[in-house]
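Colleague: Next come the chains, spelled out residue by residue.
There are 2 protein chains.
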Amino acid sequence: MDKHQEVTLLIPGPTPIHPAALAAMQWPMRSHMDADIFAYNDQIVADLHLLYKTGPGAFVSLLSGTGSLGMEAGFANLLEPGEKVLIISNGVFGERMIEMCERLAANVIPLRFSHAQEVDIEAVRNIAFETSPKLIAMVHGETSTGVLNPVAEIGEIAAEVGALFSVDAVTTVGMLEFDMAAWGVDYAYTGSQKCLSAPPGLAPVAFSERAMQAIAARKTKVSTWYSDALGMEAYWAVGAKGRKYHHTIPVQLHWATGEAIRVALSEGIAERSHRAHFVGEATLKALSTVGFGAFIPEKFRLPTVLAVTLPEGLDDAKVRQELRSKYFISVTGGLGATAGKIWRLGLMGENARPRYYHRLMVALAEILDAPELPKLFDEVCTVA
Amino acid sequence: MDKHQEVTLLIPGPTPIHPAALAAMQWPMRSHMDADIFAYNDQIVADLHLLYKTGPGAFVSLLSGTGSLGMEAGFANLLEPGEKVLIISNGVFGERMIEMCERLAANVIPLRFSHAQEVDIEAVRNIAFETSPKLIAMVHGETSTGVLNPVAEIGEIAAEVGALFSVDAVTTVGMLEFDMAAWGVDYAYTGSQKCLSAPPGLAPVAFSERAMQAIAARKTKVSTWYSDALGMEAYWAVGAKGRKYHHTIPVQLHWATGEAIRVALSEGIAERSHRAHFVGEATLKALSTVGFGAFIPEKFRLPTVLAVTLPEGLDDAKVRQELRSKYFISVTGGLGATAGKIWRLGLMGENARPRYYHRLMVALAEILDAPELPKLFDEVCTVA
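Same order as they appear, the protein sequences are chains A and B.
Be aware that the first sequence starts at 192, since it is given in this note's numbering, and climbs by one per residue.
Be aware that the second sequence starts at 192, since it is given in this note's numbering, and climbs by one per residue.
Same shape as in the complex, but just chain A (with noise of 0.2 Å):
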């Protein structure tokens, strides 16, 4: 590879790095068992707190591990063998959640919703208080698809039925509000490089307060050693009960990731949304003069990943390798049942930027000879 060349990644994940990111990741190395690592983890764990909004007593940490680990961890930490989980799935995560649950060996409620529909939230409550489950597991935003799935509403219908909420935040957190306490969540999870623009590697998590009692009340340990949140609380808790040797944390993660969670909290959820928001709403006005459109309905179309069908016609693997050559654009396209149908823009944290847009635009409007392009996007959308 041509490790001088910049790529312009307008996929939904991994983002490009923040700056701050970046640079933190050559802060002089230091022992994970240092006071001034313990002082820094502090600092995460104070920021992950406002990041995902928690109620009080909830654990916050960095899980040495991807997203996927992140969900993964949760379903091993909240369920024992033969325990009840009702997994909503609407495509290729909650499909993933599915078939952890089930090598892990609980008792696994599948409701399925075709790819790309929305979540009946009447057929949820209806085999929630058919199933009294001990879980309810959802995905907040589906990467695969584009959908943004109505957390605060399952969250009701958990509480009604005594279940643990468990969320995938992992294209939502950080870009878009969550708000753990008010929707009654009590495991959330992202991955660095997704809203956050860090490098991938961890994945932020939130126990909430239930979610550690029950932890704590297990009949049988965790069977992940690694991923054990009691494991995990011992080396990040302050006081008598933390600082304690567990596994040798990703420094350098910890610093990149620790300095994006200030910059999102800095520039405001808010702002950040806002920015998805608008970049993806030029992003498709411009695109629909030409033949694409939008895979997603307005009611629930996910703003940190724009799906959008293609022009009849286009090659859709010929065009994402010219852009990726020829450009050096980098657009996915879909993933499982969506493969070939649909690309999957991503609005995440850095990418969600007019000037990156802007050079998709460009390549576009030579690669469809549609020259008008450019200019119909920046119209939207100021080019900043």
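I should point out that these hints are in silico values taken from the structure, not numbers from a laboratory.
One or more of the hints may lead you astray.
Copies of the same chain look alike in the list, so a pair counts if it fits in one copy or across any two.
Unchecked claim - As a list, the in silico BS3-like pairs of lysine-lysine whose alpha-carbon atoms are at most 27 Å apart:
(1) K194 x K490
(2) K412 x K509
(3) K325 x K412
(4) K412 x K275
(5) K410 x K435
(6) K244 x K509
(7) K275 x K410
(8) K432 x K490
(9) K490 x K244
(10) K435 x K532
(11) K412 x K432
(12) K532 x K275
(13) K410 x K517
(14) K432 x K509
(15) K532 x K432
(16) K194 x K435
(17) K435 x K509
Note that the structure is predicted; figures quoted are calculated from it, not measured.
Add chain B to chain A, keeping to what the hints say.
Modeller: Quick look at chain B alone, frame taken from chain A:
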């Protein structure tokens, strides 16, 4: 923390980051599915085969977590619930293996030797023949005590009883001779931050062909989706069975670790092993003049983690605190049973350098009022 302050890391990991690894983390970002990344991963694969000296049909890759996840992944993949595993333990990391296997509901046969004692090979042979385990597991270099365990000899026993053989190579591979094929090792792993001097966060792992066949023949799915070797293979393999999305790999850590592996192979393991030996020897000789002693007899002493007993009356915590705060030198004490009794000096990758240990001698000369220490050290070990 003062992010500009350099700290000399004389600890048994993480080690000072190699400059090539540090630089690689600044390369422009790529998607985890980019052709550049696959090409770079292919180079890592070729280098990992050389590093571990794998036999034909082996599968090597980087696991997206630390060395402890590498440990857990081996057991999760190679054992099904109820299957027998013989674990040889003479330290904290052997005990961690036992804990992990119990959590995975394996039938654990622990064979414990006192911490800091050598493994009795005949005792291993006897219990292996008595119990016929599916898997025998052992730590090569016990970081907690500085003991080097006899991998080749236990590999012979595994072959005699037809067991798979898993080895923790966390403090050895990349710095000491490691010959997976010759020793009959079926699974080995390390952490990126140990002998390779890359940042922490990845576990370079190697499965033998026989291990992959055992995984393919499982009756149950691996309980962890994240660390399933078949899922990893689907991403890492070339040709029709590879290049499939599994999870987002930690891109920057791949680059840093890839460069660090190249550095290690370029220098040569014999040369790196020589560095560890002669810096360790000079350190022990100098320190023995002020009352430190070798904790482990030379016969089974680990060259990459020098464990030393403390002079009578030396206040362990106070002296290490002074080293850290006044001289910016990190030294690690004992772990578990050896806490307060020993120091563990790292001689892995970039910390096996005379200039770093010279700094320790200068600092201890002042703290212990022993002005001759630096000279004594330099007499054995010319400052590079």
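Colleague: All hints, please: hold or fail.
Modeller: Tested hints:
no., hint, result
1, K194 x K490, "neither (42 Å within a copy, 46 Å between copies)"
2, K412 x K509, "neither (50 Å within a copy, 37 Å between copies)"
3, K325 x K412, "both (17 Å within a copy, 23 Å between copies)"
4, K412 x K275, "both (17 Å within a copy, 19 Å between copies)"
5, K410 x K435, "within (24 Å within a copy, 38 Å between copies)"
6, K244 x K509, "neither (43 Å within a copy, 40 Å between copies)"
7, K275 x K410, "both (15 Å within a copy, 23 Å between copies)"
8, K432 x K490, "neither (46 Å within a copy, 39 Å between copies)"
9, K490 x K244, "within (25 Å within a copy, 56 Å between copies)"
10, K435 x K532, "between (50 Å within a copy, 18 Å between copies)"
11, K412 x K432, "within (19 Å within a copy, 35 Å between copies)"
12, K532 x K275, "neither (35 Å within a copy, 48 Å between copies)"
13, K410 x K517, "neither (58 Å within a copy, 48 Å between copies)"
14, K432 x K509, "between (56 Å within a copy, 22 Å between copies)"
15, K532 x K432, "between (52 Å within a copy, 23 Å between copies)"
16, K194 x K435, "between (39 Å within a copy, 23 Å between copies)"
17, K435 x K509, "between (52 Å within a copy, 19 Å between copies)"
Comparing the model with each numbered hint stated earlier shows that hints 1, 2, 6, 8, 12, 13 do not hold.
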